Amino acid sequence: MDQDATRSNRPYVEFAGVCKSYDGRSMVVTDLDLEVRKGEFLTLLGPSGSGKTTCLMMLAGFETPTKGVIRIGGRSVQALPPRKRGIGMVFQNYALFPHMTVGRNLAFPLEVRGIGKTEQRERVRRALRLVRLQGLEDRNPGQLSGGQQQRVAIARALVFEPGLVLMDEPLGALDRQLREEMQYEIRRIHQSLGVTIVYVTHDQEEAMVLSDRVAVLRGGQVEQVAEPEALYEEPQRSFVARFIGENNRLHGRVASVKDDICKVETGDEVIRALRVADLREGDETTLSIRPERVAVQPEPGLYSNELDASIEDMTFLGDHLRIRLGVCGGTDFIAKIPNVVGHGAVLEGDRIRIGWTPTDCRALNVDDEKDA
Amino acid sequence: MSSRKKAGGRPLLSPRLRALALVLPLLLFILATFVAPLAEMFRRSVHDPLVADALPETVAALRGWDQLSPPGDAAYEALARELQEVRAENRARVGQVGRRLNRVESGMATLVATTARELAAAPGASAREKLIGIDAEWGTVDKWFAIQSAGQRFTTRYYLNALDLDRRPGQGVVRQEENRRIYLLLLSRTLWVSLGITALCLLLGYPVAHLISHARPERQNLLLALVLVPFWTSLLVRTTSWIVLLQNEGLVNDMLVGFGLIADDGRLALVYNMIGTFVAMTHVLLPFMVLPLYSVMRSIPAVHMKAAASLGASPFRAFWRVYWPQTLSGVGAGGLLVFILAIGFYITPALVGGASGELISNKIAQHMQTSPLNRELASALGVLLLAGVGALYVVYDRLVGVDKMKLG
Chain A
1 MDQDATRSNR
11 PYVEFAGVCK
21 SYDGRSMVVT
31 DLDLEVRKGE
41 FLTLLGPSGS
51 GKTTCLMMLA
61 GFETPTKGVI
71 RIGGRSVQAL
81 PPRKRGIGMV
91 FQNYALFPHM
101 TVGRNLAFPL
111 EVRGIGKTEQ
121 RERVRRALRL
131 VRLQGLEDRN
141 PGQLSGGQQQ
151 RVAIARALVF
161 EPGLVLMDEP
171 LGALDRQLRE
181 EMQYEIRRIH
191 QSLGVTIVYV
201 THDQEEAMVL
211 SDRVAVLRGG
221 QVEQVAEPEA
231 LYEEPQRSFV
241 ARFIGENNRL
251 HGRVASVKDD
261 ICKVETGDEV
271 IRALRVADLR
281 EGDETTLSIR
291 PERVAVQPEP
301 GLYSNELDAS
311 IEDMTFLGDH
321 LRIRLGVCGG
331 TDFIAKIPNV
341 VGHGAVLEGD
351 RIRIGWTPTD
361 CRALNVDDEK
371 DA
Chain B
1 MSSRKKAGGR
11 PLLSPRLRAL
21 ALVLPLLLFI
31 LATFVAPLAE
41 MFRRSVHDPL
51 VADALPETVA
61 ALRGWDQLSP
71 PGDAAYEALA
81 RELQEVRAEN
91 RARVGQVGRR
101 LNRVESGMAT
111 LVATTARELA
121 AAPGASAREK
131 LIGIDAEWGT
141 VDKWFAIQSA
151 GQRFTTRYYL
161 NALDLDRRPG
171 QGVVRQEENR
181 RIYLLLLSRT
191 LWVSLGITAL
201 CLLLGYPVAH
211 LISHARPERQ
221 NLLLALVLVP
231 FWTSLLVRTT
241 SWIVLLQNEG
251 LVNDMLVGFG
261 LIADDGRLAL
271 VYNMIGTFVA
281 MTHVLLPFMV
291 LPLYSVMRSI
301 PAVHMKAAAS
311 LGASPFRAFW
321 RVYWPQTLSG
331 VGAGGLLVFI
341 LAIGFYITPA
351 LVGGASGELI
361 SNKIAQHMQT
371 SPLNRELASA
381 LGVLLLAGVG
391 ALYVVYDRLV
401 GVDKMKLG
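The listed protein sequences correspond, in order, to chains A and B. Note that the numbering used here numbers the first sequence so that position 109 is 109, with each residue one more than the last. Note that the numbering used here numbers the second sequence so that position 193 is 193, with each residue one more than the last.
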């Protein structure tokens with residue numbers, strides 16, 4: 001299926017300069033700009049306190065922005081109460097109505113819209129088939145397992161075919177295995193329906209599995225919005241580099257800048273890095289290097305960056321080797337090397353050489369190491 | 001259950017016996033204060049041996065009497081003899097017998113007292129002549145019917161009376177004369193008033209419980225305390241304060257006159273009538289509705305209303321389809337509690353109800369405490385009330401399910 005044909009690049013959902021404060025003093029969301037394309041799966045990812053749930057609630061209409069505009073389908077939704085926004089919502093604790101059967105729960109939004117009984121039954125059947133729970137119309141929510149309840153909640157948010165679906169950490173209450181299963185279920189449902197989904201989570205792996213694009217939030221602002229791969233390989237902000245996947249951080253000061261490359265002094269070493277942030281001579285910077293881009297005992301001269309390191313410890317993890325190194329005065333530098341013949345040569349306590357290319361070493365804004 | 005052995009080898013009291021021993025004081029207490037009085041009430045409603053014990057031969061002589069014409073001589077003789085015996089033995093007892101007979105037939109109390117006094121010196125050859133000589137009423141069927149009826153050890157008469165029925169000589173069971181029909185009216189009034197008060201408590205209490213359950217946690221404790229504070233005040237004080245508010249020169253009337261809404265000589269009668277009963281009882285019973293409702297409302301997740309809104313429901317629809325059904329167990333518990341309390345309420349209607357606001361419990365109290373005492377009738381009314389409430393409880397259980405109630 002040509003998915004590009006069902007999606008458009010016009011923003012379907014838009015946050016424009018949105019601010020939110022509950023008490024008039026501290027801002028929970030500051031000047032937030034974000035666009036969601038029609039049919040895409042966008043995740044708001046961030047630690048607690050980052051404002052992601054608040055954004056979702058403002059989009060749903062349960063909170064009003066203090067400043068700024070939110071648009072759905074090009075029209076401002078400022079004056080619209082939640083029930084008129086045409087959204088389906090899945091909550092963290094399912095919020096299934098315990099006094100109704102599964103079938104009645106699903107039929108509820110259809111009843112509200114005046115849809116006839118026969119049509120209701122048909123749509124409920126289809127919705128249950130979509131989430132692979134056929135035949136469970138007459139069960140009570142209390143008789144279902146957690147995973148089943150969550151699927152019913154998802155079905156209920158979809159049964160009336162809304163243009164936008166919001167999900168607020170729906171998998172938070174499930175155990176790991178079920179969570180992973182449900183992640184693939186949600187992805188499959190999105191691909192088969194093509195409906196626009198805005199998803200909130202603090203779990204970056206979940207965001208990577210599910211999303212077309214991820215918006216990383218922190219302190220009420222968007223740090224970066226990009227496809228999962230771009231976020232991982234090309235983080236623009238040190239928080240993003242730290243939050244997504246593992247990374248190594250080295251602090252230093254910019255000695256000189258030439259085009260894209262800058263020379264950064266850190267401790268005794270001078271490192272050549274890719275200038276990502278807007279840095280000038282004399283600026284402080286945090287360098288970010290992914291552990292799998294660190295070469296251990298490379299051929300001399302192969303990498304422009306070569307440093308001395310001591311091996312603190314090594315862990316064999318089946319498909320790769322994880323080495324913790326002491327570098328530039330710190331002891332938390334991680335290198336990951338695949339389990340390929342030839343790397344049995346290094347042992348704990350050894351002093352070795354490590355290296356990486358400038359492109360694999362990104363000079364970003366200084367990391368304040370908060371919001372772990 | 002086998003008994004355990006101590007290290008020394010002697011068995012301890014088995015756990016079962018120990019449990020029983022701990023519960024025993026409470027069991028005895030309940031038996032004494034609850035089971036025994038109820039059993040006594042049941043007994044009293046059907047067992048009335050006073051006349052049978054005082055005039056055994058007279059009663060025996062009346063066995064088989066057709067009730068159509070005055071009885072045979074044997075009855076007259078037995079009565080004459082026994083009346084004098086009773087008088088000689090204990091004068092007060094004559095009065096007791098007379099009053100008991102008076103319940104069946106008005107005038108018997110005086111008749112018996114006079115007859116007993118004058119029998120010794122009465123002229124006449126036979127007992128019949130003597131008795132009729134003292135009072136011609138001894139020649140009528142009604143007076144002898146009273147003795148026969150009251151002479152039965154076990155009787156259904158009190159239940160009949162409680163339902164405005166009676167037995168008349170030669171007619172069997174008939175309805176009481178119009179001016180004596182009060183109990184059915186009272187029972188039905190009590191039922192309807194209690195239902196009305198329950199409905200009013202629900203109407204007023206539901207929003208209060210909703211407000212409290214949605215208030216901020218710090219506020220919730222304060223609001224709950226405000227609901228409970230009235231319990232610190234005596235029921236009598238609470239009830240009589242309504243008199244101060246509702247009486248003719250009370251605050252409410254003063255305010256209405258002050259605002260020009262009514263004329264000074266057109267003051268509203270708000271107390272010593274049904275309005276007084278309604279208002280005061282609702283006030284007293286409201287916490288019993290609020291608390292179970294609050295407890296149930298608290299357990300309804302706030303997210304449900306959000307979910308309903310996100311699914312397109314208007315606030316009214318969300319309330320009616322999602323919130324209200326989940327509060328039904330609280331409504332049931334609060335409703336049942338208020339209804340059962342209302343139906344037996346005594347003090348409040350007694351103080352502020354006047355005549356039109358009188359309920360069955362007031363009549364029961366009157367028969368128990370005020371002369372002429374009729375504890376047997378009071379017992380019968382009590383049993384009927386208990387049976388009525390029991391029947392409603394069964395119906396409620398069938399419809400709603402008692403196990404679905406939540407009392408808090």
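Just so you know, these hints were derived from the structure itself, not from any lab. Just so it is clear, the structure is predicted and the values come from calculations on it, not from any experiment. A portion of the hints provided could be inaccurate.
[Unchecked claim] Derived, one-sided and incomplete: chain A residues facing chain B with beta-carbon distance under 10 Å:
| hint | residue |
| --- | --- |
| 1 | Arg85 |
| 2 | Val112 |
| 3 | Gly116 |
[To be verified] Derived CB-CB ranges, DEER-like:
| hint | chain 1 | residue 1 | chain 2 | residue 2 | range |
| --- | --- | --- | --- | --- | --- |
| 4 | B | Phe34 | A | Ser145 | 45 to 53 Å |
| 5 | A | Leu193 | B | Gly388 | 56 to 64 Å |
| 6 | A | His99 | B | Phe34 | 33 to 41 Å |
| 7 | A | Arg188 | B | Val395 | 48 to 56 Å |
| 8 | B | Phe34 | A | Glu181 | 56 to 64 Å |
From the three backbone atoms N, C-alpha and C, an ideal C-beta is built for every residue, glycine too.
Now for the hints, and whether the structure bears them out:
A hinted interface residue such as Arg85(A) counts as satisfied when its beta carbon comes closer than 10 Å to some beta carbon of chain B; here the least separation is about 8 Å, so the hint holds. Interface restraint check for Val112(A): the shortest CB-CB distance to chain B comes to about 4 Å, inside 10 Å, so the restraint holds. Annotation: interface hint on Gly116(A) violated; nearest CB of chain B at approximately 16 Å, more than 10 Å. The supplied range of 45 to 53 Å is met by Phe34(B) and Ser145(A), whose beta-carbon atoms lie about 47 Å from each other.
Leu193(A) and Gly388(B) have their C-beta atoms about 60 Å apart, which keeps the hinted 56 to 64 Å range intact. Roughly 37 Å separates the CB atoms of His99(A) and Phe34(B), a value that falls within the hinted 33 to 41 Å. The hinted range of 48 to 56 Å is satisfied by Arg188(A) and Val395(B), whose Cβ atoms lie roughly 52 Å apart. As the Cβ distance of Phe34(B) to Glu181(A) is approximately 58 Å, the hint placing it in 56 to 64 Å holds.
Consistency with the previously given hints fails for number 3 only.
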